[in-house]
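With the sequences and hints as input, model every part of the structure.
Chains as they are written, first to last, in full-length UniProt numbering: chain A, 1 to 379; chain B, 1 to 379; chain C, 1 to 379; chain D, 1 to 379.
There are no misleading hints in this set.
Which copy is meant is left open, so a pair is good if it fits within one copy or across any two.
Subject to a maximum C-alpha distance of 30 angstroms in a straight line, what follows is the list of computed DSSO-like cross-link-like pairs (lysine-lysine): (1) Lys212 x Lys268; (2) Lys309 x Lys103; (3) Lys212 x Lys290; (4) Lys50 x Lys103; (5) Lys175 x Lys268; (6) Lys309 x Lys175; (7) Lys175 x Lys103; (8) Lys175 x Lys290; (9) Lys212 x Lys175; (10) Lys2 x Lys103; (11) Lys290 x Lys309; (12) Lys2 x Lys309; (13) Lys212 x Lys103.
The set of hints was computed from the structure by calculation and includes no laboratory data.
Given next are the chains, with one letter for each unit.
Number of protein chains: 4
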Amino acid sequence: MKSLNIGLIGTGYMGKCHALAWNAVSAVFGDVPRPRLAMLAEASQDLAEKKAHELGFARATGDWRSLVTDPEIDVVSITTPNAFHPEMAIAALEAGKHVWCEKPMATRLPDAERMLAAARASGKVPALGYNYIQNPIVRLIRRLIDEDRIGAVNHVRIEMDEDFMADPEELFYWKSEATSGHGALDDFGVHALSLIWTLFGGVRRVCGHMAKPYADRPVRDGGRRTVETYDIATTLIELDNGASGVIALNRSAWGRKGRIFVQLFGSKGSIVYDQERMNEVQLYTADGGKETQGFRTILTSPHHPPYDKFIPAPGHGLGFNDLKIIECRELIRRIEGDAAHLITFEDGIRIERTVDAIARSARSGAWVDVAAGEGGQAV
Amino acid sequence: MKSLNIGLIGTGYMGKCHALAWNAVSAVFGDVPRPRLAMLAEASQDLAEKKAHELGFARATGDWRSLVTDPEIDVVSITTPNAFHPEMAIAALEAGKHVWCEKPMATRLPDAERMLAAARASGKVPALGYNYIQNPIVRLIRRLIDEDRIGAVNHVRIEMDEDFMADPEELFYWKSEATSGHGALDDFGVHALSLIWTLFGGVRRVCGHMAKPYADRPVRDGGRRTVETYDIATTLIELDNGASGVIALNRSAWGRKGRIFVQLFGSKGSIVYDQERMNEVQLYTADGGKETQGFRTILTSPHHPPYDKFIPAPGHGLGFNDLKIIECRELIRRIEGDAAHLITFEDGIRIERTVDAIARSARSGAWVDVAAGEGGQAV
Amino acid sequence: MKSLNIGLIGTGYMGKCHALAWNAVSAVFGDVPRPRLAMLAEASQDLAEKKAHELGFARATGDWRSLVTDPEIDVVSITTPNAFHPEMAIAALEAGKHVWCEKPMATRLPDAERMLAAARASGKVPALGYNYIQNPIVRLIRRLIDEDRIGAVNHVRIEMDEDFMADPEELFYWKSEATSGHGALDDFGVHALSLIWTLFGGVRRVCGHMAKPYADRPVRDGGRRTVETYDIATTLIELDNGASGVIALNRSAWGRKGRIFVQLFGSKGSIVYDQERMNEVQLYTADGGKETQGFRTILTSPHHPPYDKFIPAPGHGLGFNDLKIIECRELIRRIEGDAAHLITFEDGIRIERTVDAIARSARSGAWVDVAAGEGGQAV
Amino acid sequence: MKSLNIGLIGTGYMGKCHALAWNAVSAVFGDVPRPRLAMLAEASQDLAEKKAHELGFARATGDWRSLVTDPEIDVVSITTPNAFHPEMAIAALEAGKHVWCEKPMATRLPDAERMLAAARASGKVPALGYNYIQNPIVRLIRRLIDEDRIGAVNHVRIEMDEDFMADPEELFYWKSEATSGHGALDDFGVHALSLIWTLFGGVRRVCGHMAKPYADRPVRDGGRRTVETYDIATTLIELDNGASGVIALNRSAWGRKGRIFVQLFGSKGSIVYDQERMNEVQLYTADGGKETQGFRTILTSPHHPPYDKFIPAPGHGLGFNDLKIIECRELIRRIEGDAAHLITFEDGIRIERTVDAIARSARSGAWVDVAAGEGGQAV
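See below:
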């Protein structure tokens with residue numbers, strides 16, 4: 001396979017994360033041609049050049065359109081604010097590039113549907129950046145479920161909590177504006193749903209509730225402004241496989257920093273996982289003598305691929321940024337035509353539709369069938 | 001104050017627990033006259049006499065009615081199966097006895113309402129056995145909230161999980177029959193609601209969902225019988241104080257033994273508690289330097305009354321049975337006319353009405369106002 | 001078997017704990033005649049009478065000698081300060097009573113040897129109060145070792161830490177005086193050694209080190225007084241069974257409240273236990289697939305006798321005081337002539353000799369053979 | 001500052017780790033010229049060329065001597081087996097290169113002393129690879145100590161445990177041969193000592209003990225061979241600052257994967273850290289109300305530099321390999337002439353001498369003064 005030529009748009013947190021992944025993927029995995037970091041686009045030519053040097057890209061541009069149409073480029077990493085995703089992704093796909101776009105697809109469901117249409121038309125790989133599902137622990141969970149280690153899963157609880165909106169005296173900023181979306185629901189909900197999608201498939205029905213912990217927030221020039229988004233969202237769910245559950249999201253949860261707490265209950269055992277301790281998972285199986293049953297804490301190790309590609313010794317720990325390197329390898333695998341552990345636009349639209357259904361449910365106070373929202377029939 | 005004369009009905013788990021409490025309360029607290037363990041009632045005279053010796057009661061009877069009307073008796077402990085509570089409690093109250101009845105009040109809401117009426121008419125103390133709220137940790141949580149250590153609580157999550165119904169091949173027994181109630185909802189829900197009641201007061205609105213992990217269970221003589229109750233119940237809630245939240249209950253949760261996991265999120269901090277580690281609580285407060293903020297694990301100690309009455313050294317640990325001794329002291333305090341940390345029939349009926357509202361909500365698939373169920377106006 | 005008549009000397013923490021145990025043992029276990037709480041001795045007649053009422057004893061005395069010689073008494077609980085143990089225990093044994101004396105045996109090894117001699121001469125049961133070994137978790141550990149679940153144990157680490165001496169500005173009191181003993185070594189070491197004795201047997205060689213975190217402490221009237229005892233003691237050990245290990249003791253360890261942290265490493269697995277979480281133990285076994293090996297957290301349950309006598313449901317938790325009730329039942333078992341899980345004077349002297357060997361080693365800076373101290377040859 | 005030209009010798013685990021660090025350091029930190037990955041040396045030209053492509057190096061050689069003398073090279077990363085360190089490091093230093101050599105310095109103390117002499121003569125930066133001290137948590141610990149948050153540290157316990165030698169039926173291999181060193185002592189001890197050095201400085205006196213959990217191991221062709229090294233080493237220590245402590249090392253500790261458990265006790269608080277949960281640290285401070293004191297779990301965040309260079313959000317987690325990127329930045333800082341958080345040969349020799357003193361102590365069974373070993377004066 002030839003080396004891929006990479007174009008990167010955006011150098012914020014996720015842009016840097018993509019750059020690190022493209023820099024490291026060959027060294028870590030050793031089974032893929034070293035990508036050529038060909039071109040970087042930023043808001044200005046100056047910034048682009050500075051960042052290109054830091055991040056190791058050969059060329060720089062202040063015009064993202066010239067990047068997505070550049071003939072040399074094979075893959076475009078899109079890491080700009082969510083509102084730009086549709087225009088950039090569609091342009092790149094139409095220019096015949098593979099796309100690696102950060103989640104969520106878009107800020108409005110119709111835009112996401114247009115992105116999916118463009119991807120289908122292009123025949124190129126349309127990948128979404130969903131870091132958490134790349135944790136080797138999540139693959140282990142999937143394997144344990146597939147191997148029937150905990151039997152049929154009948155109940156699922158997922159919590160995702162951070163505290164960056166927890167201080168009521170933090171200044172009002174765009175995340176409290178209605179134009180930014182619903183709030184915790186779209187900010188966090190897509191992550192929870194990406195895990196459900198990866199482990200179990202789709203969500204059948206939802207009953208959502210959204211709450212504002214603080215009615216208003218201070219503005220810089222004095223006074224206070226009414227908060228328009230919901231920092232808390234809690235949803236009852238029924239999965240396609242029949243399991244019941246709950247998704248609880250809170251971005252004003254003091255003390256929680258990157259908690260994604262997953263509890264899976266099956267007919268033969270249970271699995272518990274917390275992203276804040278991303279290198280361990282807890283497994284309970286109802287076998288062996290009752291006097292020694294208990295949740296066991298499994299530390300990630302070379303027995304949990306692709307941890308072994310990073311570190312040959314167990315218990316040493318991967319970091320959050322390593323998950324992007326894993327995702328990068330999966331993307332390359334998909335471009336090569338192989339099966340890959342990856343959320344594409346085809347999967348992503350299911351997640352977006354579920355978010356939309358939850359929002360409608362929260363407004364109406366009634367259960368909503370997710371499928372009823374497919375094909376654009378519902379709003 | 002004179003010694004109270006105690007009558008105990010029932011010697012199962014909770015009967016033994018009451019007996020241990022009456023035996024120990026004076027020795028532990030040292031500020032209350034030693035109760036006289038006067039009379040014990042069981043199903044037969046023989047069993048009653050055997051148990052009276054073991055548990056230290058002076059007299060024994062095979063007829064509970066003779067106990068509740070015995071002139072010597074001051075307080076009646078009722079620890080029989082739930083279905084017997086109304087008849088026994090009403091008889092004891094009508095005979096002018098104080099009552100200490102295990103939760104829940106009754107298996108049907110109208111019976112609970114009749115119990116409340118009898119209690120009001122009697123003027124006696126009508127206490128309910130709700131062990132978990134007696135944990136010194138729960139009092140500490142209440143104190144921390146009252147002292148505004150975590151600010152206004154705006155979101156509450158309570159999970160209660162055990163695994164005694166987790167094995168799908170366990171034989172069908174009465175807990176799977178509809179006559180036993182809804183399932184996890186009444187089995188566990190009252191505990192979760194007792195904590196909410198103790199810490200925050202009432203629940204305003206609920207939206208419940210109940211699920212059966214297993215459609216049927218084997219019966220002894222072969223074949224399988226359809227399960228009629230719901231081992232899982234999950235409920236969105238809004239509290240009277242405006243906080244949102246969720247109550248998640250699962251009695252088929254493999255690996256959970258006595259988990260009651262409480263997460264309280266406030267404007268200045270958070271509190272997390274797990275009954276399986278009943279001697280510790282986690283507190284996060286958003287003060288001090290950000291580089292040292294974190295959930296602190298507080299071990300129970302003499303600084304958390306009435307732990308000090310049991311053990312003068314910190315970190316040594318109370319047990320579940322000790323909570324009953326604490327409740328016993330609170331009951332005596334109430335009988336003495338003092339303020340007490342205790343759930344009475346007046347409080348208990350609020351809990352029962354909330355359970356009823358959740359069950360109606362789960363049936364209808366819509367939100368239900370709890371207050372609408374009061375006084376019989378509701379569906 | 002007839003009911004035993006109990007005499008109790010002392011009503012401090014351990015006196016109360018003994019009283020609670022004697023009050024509860026019949027109710028909890030249901031297989032032993034209810035003991036008669038016959039007589040209580042305290043420093044004065046008034047105090048004795050007050051406490052006798054609280055704790056449920058029939059008679060009271062201000063003279064402990066009259067208690068130990070009272071013909072009615074069968075068993076004497078000795079819970080006075082350590083310095084009184086030898087005189088009281090020897091008097092009780094010589095009067096033909098069974099003795100239940102709190103640890104340690106004495107403050108000086110020769111006194112402990114005299115106690116042992118008196119016990120041997122009496123033919124009565126000479127039990128020592130060593131609460132921690134009574135934890136059902138410790139019995140489970142012993143069972144797991146006996147069943148070869150972790151193979152041959154080759155390395156043992158035990159830490160015991162509390163923080164009651166951690167504040168350097170606490171006033172000087174008797175625990176800092178040389179007359180009170182060595183410091184952490186005898187204060188805590190006997191507990192660590194009781195666990196080793198229970199699980200593995202004797203200690204062969206020791207190399208100890210003692211340290212003073214604070215050179216002096218304030219005295220009430222101003223100024224400071226030199227600290228004479230060692231709040232920290234750390235000892236390398238070799239057990240009779242060939243295992244190596246370390247015992248680390250610190251009574252000035254801020255944040256530790258009742259930590260006894262035990263790590264046992266064997267050829268097939270490991271066990272980890274922390275008394276601050278006394279209702280759980282961690283077990284690692286090197287079997288099954290490597291991808292799911294991990295330390296499992298086992299919660300105490302009815303599968304861990306005699307937890308079942310206290311609570312029929314798993315995961316609800318015993319408390320520290322419950323351990324004394326268990327010990328009480330073991331004592332009665334021994335008095336009945338049955339095998340019992342109990343540390344007697346015969347065992348206790350081995351513990352005291354090991355403490356003595358460690359102290360000598362710390363002074364000399366060299367390894368000391370524990371056996372060399374037996375029979376009085378050493379000093 | 002100009003870009004540094006990098007030469008790498010070795011491409012095993014640590015070689016890959018160095019390569020990843022050199023690839024990422026500019027992208028992560030953004031304040032350093034992107035290093036030029038100039039040349040890679042491996043055992044053969046073919047392997048060197050394959051690895052050079054994977055890891056991003058421009059040139060390749062099968063002869064490490066040509067690398068260390070190549071005029072283009074500024075810095076040489078040495079990641080070969082320990083026995084090669086002295087020859088390579090000395091050659092590189094003599095050729096005027098900066099050196100970044102993995103720990104330990106050498107397998108024999110005199111070789112390490114020669115390396116130090118070469119470094120002093122060269123005037124170049126002689127850095128050692130000691131990953132664990134680069135954890136932002138360790139810097140936070142150092143900062144907390146410096147800010148007197150836990151007062152004067154008077155007791156230190158460090159455990160380092162893994163289980164790669166735990167299976168007695170694993171085939172005999174070179175780690176059980178005496179030529180490989182002492183065993184756990186040098187394998188792990190240098191890590192523990194690097195933490196002590198970083199946090200407190202030197203060790204004054206030691207009293208060591210080494211043990212073999214298994215007397216022999218199977219060999220491939222049948223039969224068993226006697227184990228010559230010690231998989232367990234336990235050492236009593238006194239630090240230069242007067243603190244006492246213990247270092248416990250075990251490479252046959254079933255279930256421990258990368259545990260480095262650090263407990264620091266001070267006059268005002270305590271700190272506890274476990275490398276297996278490398279993104280959190282526990283802090284106890286004896287301030288505030290006693291009812292809310294407890295160990296707080298601090299998750300790494302941008303408030304703990306240089307975590308912020310990797311991830312702008314708290315609680316997301318660094319991995320083991322990220323520590324090397326941090327070390328790489330420190331090395332560049334030192335080459336630039338700035339103060340750096342780095343263990344050089346000057347520091348490393350102190351660690352090696354302490355290991356040597358412990359080994360001598362374990363042989364003699366007596367305490368050994370570490371300083372007595374300096375300059376070869378010692379036993």
